[in-house]
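Protein chains in written order, with the numbering used here: chain A, 1 to 527; chain B, 528 to 803; chain C, 804 to 1147; chain D, 1148 to 1682.
Derived by calculation from the structure, the hints in this document are not laboratory data. Careful, some of the hints might be misleading.
Said to hold, decoys possible - Below, computed lysine-lysine pairings styled on DSS-like, alpha-carbon distance capped at 30 angstroms:
#: 1; chain 1: A; residue 1: K200; chain 2: C; residue 2: K839
#: 2; chain 1: C; residue 1: K928; chain 2: A; residue 2: K200
#: 3; chain 1: C; residue 1: K885; chain 2: A; residue 2: K152
#: 4; chain 1: D; residue 1: K1277; chain 2: C; residue 2: K1061
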Amino acid sequence: MPSHKTISNILQPTRRQLLQNAGLLSAALSAGGLMLPGSAGAQAATPVKGGHLILGLDTASSSDRLDPAFYTEAYMYTVGFQLFNTVLELGPDGKLIGALAESWEAATPDASKWVFKLKKGIQFHNGKELVAQDVVYSLNHHRGEKSSSGGKGQLLAVTDIQATDTHEVTVTLSAGNADFPAALVDYHMGIGPDGGDFDKGIGTGAFILEDFQPGVRALTKRNPNYWASDRAHVDSVETIAMSDATARMAALLSGQVHIINRVEPRALNLLSSRPGVQILRSQENTMFCFPMRVDAAPYDNVDLRLALKYAIDREELQKSLLVGTGAIGNDNPIASWNPYFAKDIPQRAYDADKAAFHFKKAGSPGGIQLSVSDNGFPGSVDAAQLFQASAAKAGITIDVERVPSDGYWDEVWLKKPFVASNWSVRPTADAMLSLIFQSEAPWNETAWRDEAFDKLLAAARVELDETKRKQIYHDLQVKLVDEGGELIPLFVDNLAAASEKVGGYVPVPGGGDLSGYRIAERAWLNA
Amino acid sequence: MKNLPPLTPMALIGLVGVAAFIVLAAFAPWLAPHPVSEVVGGVWDVPSADALLGTDNIGRDLFSRLVWGARVTFVIAALSTAIAFLIGVSLGFYAAVRRGWIDQILSRLNDLMMAIPTLIFALVVLAVLPKNMVVLVLVMATLEATRVFRVSRAIAADLVGLDYVEVARLRGESWSWIIVREILPNALSPLLAELGLRFAFAILFLSTLSFLGLGVQPPIADWGSLVKENKDGLLFGIFAALIPGAAIAALVICVNLVVDWILRKTTSLKGARRNG
Amino acid sequence: MGGPPLADGIDTEIQAMSPLPAQKTSGNSLWSLLVKRLLLGLLLLWAVSLVIFAGTQILPGDVATSMLGQQATPEAVASIRKELGLEQPAPIRYVKWLGAAVTGDFGRSYSNRQDIAKSIAPRLKNTLLLAAMAAVIAVPLSILLGILSVLYNGTWVDRTIGLVTLSAISLPEFFAGYLLIAYFSVAHFWLPSSATVSDAMPIGQRLVVMLLPCLTLVLAVLGHMMRMTRAALLNVMASPYIETALLKGLPWWRIVWKHALPNALSPIVNVVALNLAYLIVGVVVVEVIFVYPGMGQYLVDHVAKRDVPVVQAAGLVFAAVYILLNIVADMVSVLANPRLRHPR
Amino acid sequence: MADILLKVTDLEIKAGDATIVDKVSFDLQKGRVLGLIGESGAGKSTIGLASLGHSRDGLQITGGQAELNGRDILHLSKRDTRLLRGAAVTYVAQSAAAAFNPAHRLIDQVIEATLWHGLMSRAMAIERAKELFALLGLPDPENFGDRYPHQGSGGQLQRAMTAMALCPHPELIVFDEPTTALDVTTQIEVLAAIKQAIAKTGTSALYISHDLAVVAQVADDILVLRNGRMVERGSVDDIFNAPREDYTRQLVSMRQSEKPAREQARDSLLSIKGIEAGYIPGIPVLQDVSLDLGRGETLAVVGESGSGKSTLARVVTGLLPASSGTLSFDGKELANGLAARTPETLRNIQIVNQIPDLALNPRQTVEAILSRPLAFYFGLKGAALQSRVATLLDQIELPHSMLGRYPAELSGGQKQRICIARALAADPKLIICDEPTSALDPLVAEGILDLLMRLQAEVGTSYLFITHDLAIVRAIADTVAVMLGGKVVRYGRKAEVLAPPFDPYTEKLVASVPEMRPGWLDEAIARRPSPRRSS
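For reference, chain A alone in the conformation it holds in the complex (with noise of 0.2 angstroms):
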């Protein structure tokens, strides 16, 4: 969920906390899981005990919290995943492995009620051993009226949950979910003492609360009797807050730093060029697209969008934005990687006669006006920029307006016709396509109402015939192409970096950046 913090900025916390776990929800989906390449500098080699590492990472706020619940953006991830577990966790292979539960199944065919049996022998950092209320207490944390956790929304389903014996947790739903235990893997699922105040980061993680000043650092200290052995090298973390991307570069090349996060794709040949530093990529994490709204004049007509779909140069924006990292889009929300994705439909390229033919097709209407602030992706308003030049070279006035990216979530976004956004990209077809393209979805940007298309997409979701369910994804796909408001230019990478000594780096795939931000107890510092 990259979403650059210029320091005026504000990072709206309540969508990026749905669409994370809509994401985790997802991830959880791809329970026929696939590796991802990742590019990890360093993997392979023998994980090196001791060290103090220290990581600087954007989107800290003075306004942050220890407390799970209101963890919003990479910074409290990472640092929340120091000192919390949660009951499950994505593997490096995308697939749901158990922390703080050693096995988990669901006790009623139906799918209703799950079982989830802890490990024995956890301890807090109080000293106190894990039980199965401390489960109950922290996921009630996210339920009821009162509760604005981010995490709540995972939850809505869950009618009831009970400690049916000290290490087992039974969890009721409203009904069926075959992809219930997912839920547990999001950010905000840390799992803290029963009746505990979580903002004091008492958990069962990997390493154990020094010091922590909101949007300035968090530092820790190795947790000596951690569950998991193969984990956790350093003696001690040091979470220093970087909204600067420069000061973070400044930091990493100074040795100031051994990670960081939210690498400047333009930056990114100098950076790597640097001796003793490495590039640590999840590969198209990340959707940038510049969603129109087919209910609004004049996006509700098919010929102006497929006119702005040829008008934008797509190689130029990867060039020049990304600089050849990441993948150039087909204006199709499917990654490449995914199993599901429609190889066979020709990508799109900038044509500037087939732009004006459709322009005039449907009458050259005027008042296109692209509403951008670098919140809405990062380098959304150079992108516009572009745009706005190769629009004019086939004789569509594309206006730019910059709005403040302050609020801009709140404002502009789902508000304006035509704008900028971003998502996380999902491991599976039904999650991406059901997350923004379903009628109903909250976060229907492109305000895409097909009841065949929603039909379809619920059809998937049963049919277990894999031919036929790539069939439909596949009609899908082809339709969002063809007719859809979604324009996307780009998929990129989540670029971090980190100095050489780095190493335990593995990619999570759907699991966001940083390992998944548990790179705290994964990597190691070689001497």
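Chain A is already provided as a structure; the job is to place chains B, C and D on it using the hints.
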């Protein structure tokens, strides 16, 4: 303008620099080889025939960006400074001429304005209002007006005491006449200097606002935005990244040189000349 | 932000800066004068509080909704508004807020429910620390340079000092900051580029870490103060008593030091105050570039979050600092002025 | 003659290519006082400073020598010049109030040079200073030095400055118009003090002044300068009894004119009744002032600084509203305060200020300055306007070529004439003259006075004439009011006021006016009864 000191080399440099800037701003459409946002090369290409100063962070011709940027920078800085002076000088003079409670009220209000942190003011206002040039100019003008008020009031306060102003009052002249005819002409040279300094300040202030993302809107960019766009390059010693910042500095220096020249004291170190 | 007000070497500014505008009525003792200034300052501060409160009321977007975001059901919004006391009319909220503020209670942050006073304190401390460090370097240095350039008025020394300081103020702060980083941190690994200080940090290391941001600030304020010092001194050097001193056969340095400086103090002190205020209030850019945990960054975070109480608190603190510094400056220049120190 | 202390030969000083001092030669014997006299621009101060090896900025000593005890002091090294100044040669500046550093106590400044040159120990220096304070008749000599400059009066400071000059036992003191800034009554005190001090210490001195009458009292010899050239040099007696040059004769014969006294007062134009006024509430500067000015007559208000005479003028103009009392003008009640007055009233009361430089807007041409009132009051335009302006110029005896000039391009006298013309332009019944001549050189001043008198004769304007100079009163007044401390102490027709029996103050005032003859001071001092008060 009368009684300016003789031209010094430094002053000459300053004048030339400022003139050059204004020319850039005025003739941007003719001077800029490329449109503002046209991509002509790779990221941070070295200078070439096509891109005299190399290309910027997304491969646009830096020279063209600079030229267009000069225009934006100039327009905003000049406008805001002009407005600031319109407000600041008229109020400042009025306060000085009327003295008494009018002066007190205006001055205290001004103190109040100055006590409100510039930063908060800019942040709040620019957050509240739509980000467009008009708002930007007005915000900058308001903030600068307070400083202008302070100085121009001081200038006028000195002149008001002079007999020829009293004579005018005795004649029954209107305040406006006294301000325009008796005070303004004699305040010109310090005001001119102040104008220069405010203009320089406006340029820096604007660039800071742009750096904070509160500034100029695309596709145009002021010099401050250019620095911001290219700042990453600074770390890697990219030539192009240095230019916009250097340009701002050079311009501000030139303005100050001119100001210093206007203000050059004829009074000596060794004591004022008295008759004898 | 945007560099300190550049109004170098204008007599008029010197006068504009002269202490106790208008009311130079001698006869009233220093104490009554001090009290007068303090009361005036308080009055001003109160006025500022009004303006700030009013200003923050017009921040866009409803706090409650932006806090709840997508989950903002009317009921939830209502309950939040009640919880925050937003349903009360503004005047009442103002009075309550001010009443609490004078007791040092700025309420709790909307966004993270934390006691604002508590969270501001360390940030303010850091900001003050950085400002102090910069001032300790910049003030003596600029005054020294000012004196030097007067001693060597018109010579190459004077010109060089002038040009260097001028260049210093002419560099946009963030640009200067990045240049320093690029050179001292990235090109050579001499100084750390980020200044994330914490109380755990040993003081020595703290200072090292703060060196670059400090240097940037020094560059920003040096020129203004130096040029003002020079202008004020030159101004005084034109007065008859300097000639008297000259005709006593005193050497140049003594004339400048003993006869000119004491009489040029008031404008100098005032410009120093102005710049100190800037160091404290206007450093957000530097804080961002050098990742320094000070007030500015804190404030900006919360403005973004429409965290009204925080913005109000910060605004008030900043204003208080500004006003206090000015009062101090006034008093110092009063003390420097025998007319007011020893009334007839 | 006896051994020569200072010998100046063919001294030439230039500002750029303008010659300020042109081939001036003189010498000064030990123990004697040479008076340098001349109007502004005569180069007298420049010569004075040259004898300290100093030339003000923009001036260069381009020729000649100045030898102190046979040692050339014009071409010394910086260091030697420093050693000379403040030790062998010292300086007393015109305005001690400005020439003392406000930041330091007087004593420290008085002994600074002495200490710096290591001439005596601090204790000794302080002792010496105290003696000098006593010698110069300063109050409480023991502690006087602890005061700051702003705590002393003009006269006291001027004496303290003399003490400062005497402290290091100099061989030569340069007095640069030491009494010019003082009131007559103070001037006489200071003069006496200086004269006595010089006599007692036997120091030689250059005494620079524009006022021959003053110089005559202190100097042994006089050097008359004009436009940087020597006019005449001789002993005081020669200069007075046998002046060789016309210019000298003019100087000597000045201040003789007197306006014939009119026997009977005319009907009243302006009458002032029980006026009380002040700047700070509760502290009245004027108390119960009642005066009367007849049509076409001149009411001279005389008094020293702080007597409230200028305040009175401000009340009449309306710039300063009176707190009580009434003004009536031309039979009608005169509104109290500017705002309340009709344009007609404003037109009828005009003012001529003390310092013409401040009274003329430097950014306006003579034509603009003179045209404005004509356009403002009478709406004159075009030809009518021009011809009226022309006549005004004629009235003040200035060529029409002046029209295009800016004030900076005029001499002091010309400026003052323009001010008068501006007042005339309004065709007023009353012109308030606030010390219109005190900033001018004597001869120029006389010219202005004559002009005013002539205009009064021609157009019958009345003058309210503020001055500190009795000689001027004699020359222009019909009625005289003597003011002291905000009160009128003596008021009546000139003849009565200036004739005995006097009230003590007026007597002192009359006695203090320097008379144009040597030895006046000694007699005046002798005549004074009481031991010298500190002024």
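Results for each hint:
no., hint, verdict
1, K200/A - K839/C, "48 angstroms, violated"
2, K928/C - K200/A, "24 angstroms, holds"
3, K885/C - K152/A, "22 angstroms, holds"
4, K1277/D - K1061/C, "23 angstroms, holds"
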